[in-house]
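These protein sequences, in sequence, are chains A and B.
The numbering of the first sequence is our numbering, which starts it at 1 and goes up by one.
The numbering of the second sequence is our numbering, which starts it at 1 and goes up by one.
Take these hints with a grain of salt, some might be off.
What the hints assert, rightly or not - Away from chain A, derived, C-beta distances all over 12 Å, residues of chain B:
hint: 1; residue: Met78
hint: 2; residue: Glu80
hint: 3; residue: His152
hint: 4; residue: Asn238
hint: 5; residue: Arg251
hint: 6; residue: Cys333
Claimed, not checked - Here's a subset of chain B near chain A, in silico, CB distances under 10 Å, partners left out:
hint: 7; residue: Asp107
hint: 8; residue: Lys109
hint: 9; residue: Gln252
hint: 10; residue: Asn260
hint: 11; residue: Lys265
hint: 12; residue: Asp269
hint: 13; residue: Trp402
hint: 14; residue: Tyr410
hint: 15; residue: Ile437
In short, the hints are calculated from the structure, not lab data.
Don't be surprised by glycine CBs; every beta carbon is placed ideally from N, CA and C.
Read off the chains here:
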Amino acid sequence: MSKVKLKKYGLKDIIYFTNKPKEREKRIQETVPSRSGATFKCNIKAAQRHPDEQVFVIDSIKDHGKGVKTYKLIKKDGTNPAFFRAGQYVVIRQEIEGKLIARPVSISSGPAETLEGRMDVTVKEVENGFLSKYIIENWKEGDEVRTSGPQGLFYYEGLRDEKHVIACSGGSGITPILSMAKAIASGDEDFRLTILYGSRTKSDILFAKEFNEVMKATDKVELVNVLSNSKAKGCEHGFITAELIKKYAGDDKFSLFASGPQAMYNFLDAEADKLELDLKHYRKEIFGSIKEPWTLPGYPAEAKDKVFNLKVIMCGDEYNIPCNANENMIVALERAGIAGPNRCRGGVCGWCRSRLISGEVFIPELTDGRRGADKEYGYIHPCATFALSDAVIEVPNRK
Amino acid sequence: MGNKKFDCVVIGAGLAGMSAAVTVAQAGKKVLLLDQHNLPGGCASSFVRGRFEFDASLHEFCGLGKPGEWALPGRIMMEEHGLDIKWLWIPEMYRCIGTTRSGKHFDVKLPTGVDNVIEKMEEIVPGSREPMKIFMSLAKECVDANDYFSEHMSTVKKDGFLKTDSLYFMKNFSNFLKVAERPFNDVMRSIGMPEDAIDILDVYWTYIGADYSKMSFVHQAWMFYMYAKYEPTITVDNAHGLTMAVIDRFRQLGGELWLNTKALKVCGDKDGNVIGVLTDVGMVDTNYVIANVNPEIAYNRLLDENIKVPQREFKRVTAEKHGIRFFNAYVACNKSIEELGIKDYTIFMPGSFDNAQNIKDSKSYEDNTHSVVVIYNVVNPKASPEGTTVMTFTICYTEDVWGDFTQREYVHRKEELFRKVMDNFEKDTGIIIHDCIEEIELATPWTFAHFLNTPEGTTYGYMVDDWDTMLSRLMAIRKDQPIRGFKTCGAAGARGDGYNMTYTNGHDIAKIILEEMEG
């Protein structure tokens, strides 16, 4: 292309160009400095919604029996807890014998309650559950409790989910569903919720009173108790089958939400197949690490019960710690008192993301939530990774 | 145990921070790169939802060039830094749908290739061919001038501005000197560009709130030419893959990366010399710090009281205006692009092409539905599992529009806005997605404020304004970094926003700190 001749532009424009930086400097010099590290509205809102940490005090405790308790929490500094999406969880951070242990725990109150300054969490003591056992036995009124901000993706998404949700729930998996029901009653969520709540017997049912209150306040929530080990009036009997789901869904489109133990998912996956539900219409809450990895396909049997050496590099410092092949790597880090950030404990959130420098590991496909490039460059999520040999990993700072 | 010692500490592993870290490490220095998150990359990141991985920000990398003919950012990344990145070139500029100020409706797709674009514009708006030729010629001169300038940034005059070879510029880039800083639309009119053609060319940056009646010609010209000549690019492994490639190179060069590690203070001795960085794992000794941090935040919160910030710097960061912030909708559909009938990678949907009206709308929530969508699978078949599609819709704001929403209404506002955007998209294109969304994540300025810690959740640093142009910032690149041993880099820096600009800026700043190291 030959050089263009510009008629309208000439020397004055060159001078204008040349003076531009000086004009800028003049403008700067004429400015009265007013910002002194001001905090901006948007940043304040963001910090309220996504706090790194929330410090609570236990206001009261409700014992549901059978190792289940609900703790009503109020913020220590008097501010409101972070507003959340009904169905989300918080990570409890508890120091036990000098070691910081973290576990996700469901929020059982509704989001509207945060505006009244409170948030409830419900804890069920599980067999060999290190933190749940500690909480049930030790937490008392007035104690300080530290949690993360609200986390997790198990909530109603109006842009994706159908207007009718069938929630299948078992055991303490009912807590996020209770929160959703409360959110519907308070007007924070808008969908029809039919809950198929599986329990062994009538006496295992949690939150009967709370659900009754919700159903008095709104006709969008319906609770159906499904008893596997007994028969009772007004309750369904058996397991939560495709047939039962169909019975309550009717002919309308629906989304299936599942919240419960792994055994329930194993059963429900097959039922969802019968209903020909695609992934869009079948949402599962899955947190908590895989137990007994040796039962999964591809696990090399000889690794089971072994204890390996895990060399951990953190901010230029090195630690050598034992790593039990039967437990995920975050547990090893917690036992050694050097666990860094972690939240979901199910391989999904990526908060514990670390670099595997050397060593063989087992990563169950079911909980492999890594980014594509991380797989390629050798990064792991320790909460969903099991050592198969001595290994070296580089982890984020634990603060 | 003594403090750990480094030749240089880089705070913030965003694109500019990573680029600076690699540049300094490549000069044989011992470098520590810190990031407050457990993941490096800043905006250059991704996240997983269900069976999908979403690119957090990389729509189109501009001006990379091609193997054998890398343009400036490409030369730095691929030749100087030797990064191993799998690029994909996008064989189209953009499709845009809307009504021009003259009331005509256009639905056009601009191809890549300088001659192709010229011919396409003539076909859409007759009478555009000759002005387009002039525009492309001027644009090429801007690119060449900018390259020359970028390679000669080391001589400083007494007043702190860069010294340039004016005679060389007069001889080789006289048109550049004449039009570079003149408003884009004025230059277009002066070369006889038809008004409808101006509207269609303006769409590129209208969506980011740029006012073409004020914005310097060089900005649009550089970008437009680079896209036309070299094609926009993305990476096979999305932005996180790009980040991993940079970090991998940094480690090969002996660099250390500490994640989830916050720099609390940059510390000085009594004479104001930088002596270290206090982090939440303790003190790290160093005399040189590069912060991939907005300078306003760096000056007010990061530097301790021993390090004196000249008053002129507080004036500067007050004068500069906070730039663009985004609403992003990351959408995954359980249908393929073929099933959905999608053929285009980038579609601008301004509604109206009226730039002035769009600028007004960018200051409000209700009126702003001017969106752009990028559909990754059109270029990258590996962007999502077979039979699915991932796309990102973006709307930009020029003010803190989202700061007034309450915690309770926030979710509803996000959903309400996306429904409007989706309705417009479905009407404009006839592509129906509302019934096949499998995963969706909506990010607002709150989200970016949370992850990036930038003022008002801005992602594009300071607004490239008619008084605060890229060229005048570049001329003052050293004047704007007056503290010995401490520099800032990133989107709020001299080159402004964008992957190419921030990566190049990190490199610029690293070169300056290396000069200071050499004494």
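Hints, verified against the model:
1. Met78: holds (18 Å)
2. Glu80: The claim stands: Glu80 of chain B keeps its Cβ more than 12 Å from every Cβ of chain A (closest is about 22 Å).
3. His152: Answer for His152 of chain B: holds, closest chain A Cβ roughly 15 Å.
4. Asn238: Violated: least Cβ distance 7 Å, not greater than 12 Å.
5. Arg251: Answer for Arg251 of chain B: violated, closest chain A Cβ roughly 9 Å.
6. Cys333: violated (9 Å)
7. Asp107: Interface hint status for Asp107 of chain B: violated (26 Å vs cutoff 10 Å).
8. Lys109: Violated, about 24 Å.
9. Gln252: Result: violated, 12 Å to nearest chain A Cβ.
10. Asn260: holds (4 Å)
11. Lys265: violated (13 Å)
12. Asp269: violated (23 Å)
13. Trp402: Holds. Min distance 6 Å.
14. Tyr410: holds (7 Å)
15. Ile437: holds (5 Å)
The structure is inconsistent with the numbered hints 4, 5, 6, 7, 8, 9, 11 and 12, although it conforms to all the rest.
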